[in-house]
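Dock chain B against chain A, hints included.
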Amino acid sequence: MPELNTSSLPDLIFSILFFFMIVTSMREVTLKVEFDVPSGTEIQKLEKKSLVSYIYIGPPTREYRAKLGTESRIQLNEDFAEVDAIHEYIIQERESMQERDKPFMKVSLKMDQNTQMGIVTDVKMALREAWALNIVYSATKRQ
Amino acid sequence: MARSKRKVPGLNASSTADISFILLIFFLVVTSMDTDTGLARRLPNPPDPNQEEEDVKVKGRNVLVVQVNMNNEISYYYGDQASRVFQANVQPSDLYTIAKEFIANPNNKANMPEFHPADPPLPLLGAYPVTKNHIISIQTDRTTKYDVYFQIQNELVRAYNDVRDEFALARFGKHYSDIVSESDEDLAVRGVYPMKISEAEPKQYGGN
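Here the protein sequences come in this chain order: A and B. When we follow the numbering used here, the leftmost residue of the first sequence carries the number 1, and every step to the right adds one. When we follow the numbering used here, the leftmost residue of the second sequence carries the number 144, and every step to the right adds one.
These are calculated hints, taken from the structure and not from any lab test. Just so it is clear, the structure is predicted and the values come from calculations on it, not from any experiment. Hints are not guaranteed to be accurate.
Just the calculated beta-carbon pair ranges, DEER-fashion [claimed, not checked]:
1. A/N114 to B/T240: 19 to 29 angstroms
2. B/E325 to A/T61: 40 to 50 angstroms
3. A/V23 to B/I165: 15 to 25 angstroms
4. A/E71 to B/H259: 39 to 49 angstroms
5. B/I165 to A/L4: 17 to 27 angstroms
6. A/R65 to B/P264: 54 to 64 angstroms
7. A/I16 to B/N212: 22 to 32 angstroms
Cβ coordinates follow ideal geometry from the N, Cα and C atoms, glycine included.
Next up, chain A with everything else stripped away, as it sits in the complex (with noise of 0.2 angstroms):
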């Protein structure tokens, strides 16, 4: 039996190696809040990630808790801020999508099911005033 030619095989590989590198996205911001987000039935599939702005909300890590106690805080991009820097992130969110992808921008609720609703309440005004209408509350599927 000939033996079968594998020289090509490192190519192959190497090609599905800078596919998967392409592909994976580094930007995981390095989470400072805690959360456990509810579950539900009615549950849907975020679609185009690029579309998908994220705020975090949630009790903050244990290493920050000496500093700022266990109630809930918003984490937006990698530092904690208050509701005011809502409008400014989101106009910089917006910015940085492409023109024909401003108006299905989208804002994911990554929030903790302890969260008092007052908190929830005033990020939800702020996406208001920023004009983005589109939220989802985040949330896992449950039977």
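Same frame as chain A, but now just chain B:
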């Protein structure tokens, strides 16, 4: 001095495949394939500061108010002053039942939403009578737990989805989930049962 031609020994490349395999596996693991999931909602437009605040008069029969207090207890009421139905201490799943009846008003009750012919006419259905003025309003306290609010939202969306699904099944003979989005059938079903969950700002309790 003529240099004798020497043959360069071929590099042994048989392990390149293994190395690239390891890299490949690394990227496979690192790549986040997890997609975000959630409940999509749309907020109303921001209030226009130039416009005088105008109290939109909504008939009592068209409004289902869900209230959650600081102890995370849910209550709801609907109907005019005279025929008001009030229910305290309910579970989110009870809201599903009442919302379903409220949206569709199958028995044409006097304290549930009134019917108007659709205007403009709906595709495929024309001037179908719809409860287009109905509103479901969620009022929360500032200390209400977000989870409770979310469960209410979830139950209400479930009520809408089921009402739409039943209608689509009866009228078009297929599930709502099988109808192509933005098609005539989709627009018709959504026109008959428009989703009207008020995301408005919370009212102060005790007043009104």
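A quick look at each hint next to the structure:
no.: 1; hint: A/N114 to B/T240: 19 to 29 angstroms; verdict: holds, 27 angstroms
no.: 2; hint: B/E325 to A/T61: 40 to 50 angstroms; verdict: holds, 43 angstroms
no.: 3; hint: A/V23 to B/I165: 15 to 25 angstroms; verdict: holds, 18 angstroms
no.: 4; hint: A/E71 to B/H259: 39 to 49 angstroms; verdict: holds, 47 angstroms
no.: 5; hint: B/I165 to A/L4: 17 to 27 angstroms; verdict: holds, 22 angstroms
no.: 6; hint: A/R65 to B/P264: 54 to 64 angstroms; verdict: holds, 59 angstroms
no.: 7; hint: A/I16 to B/N212: 22 to 32 angstroms; verdict: violated, 57 angstroms
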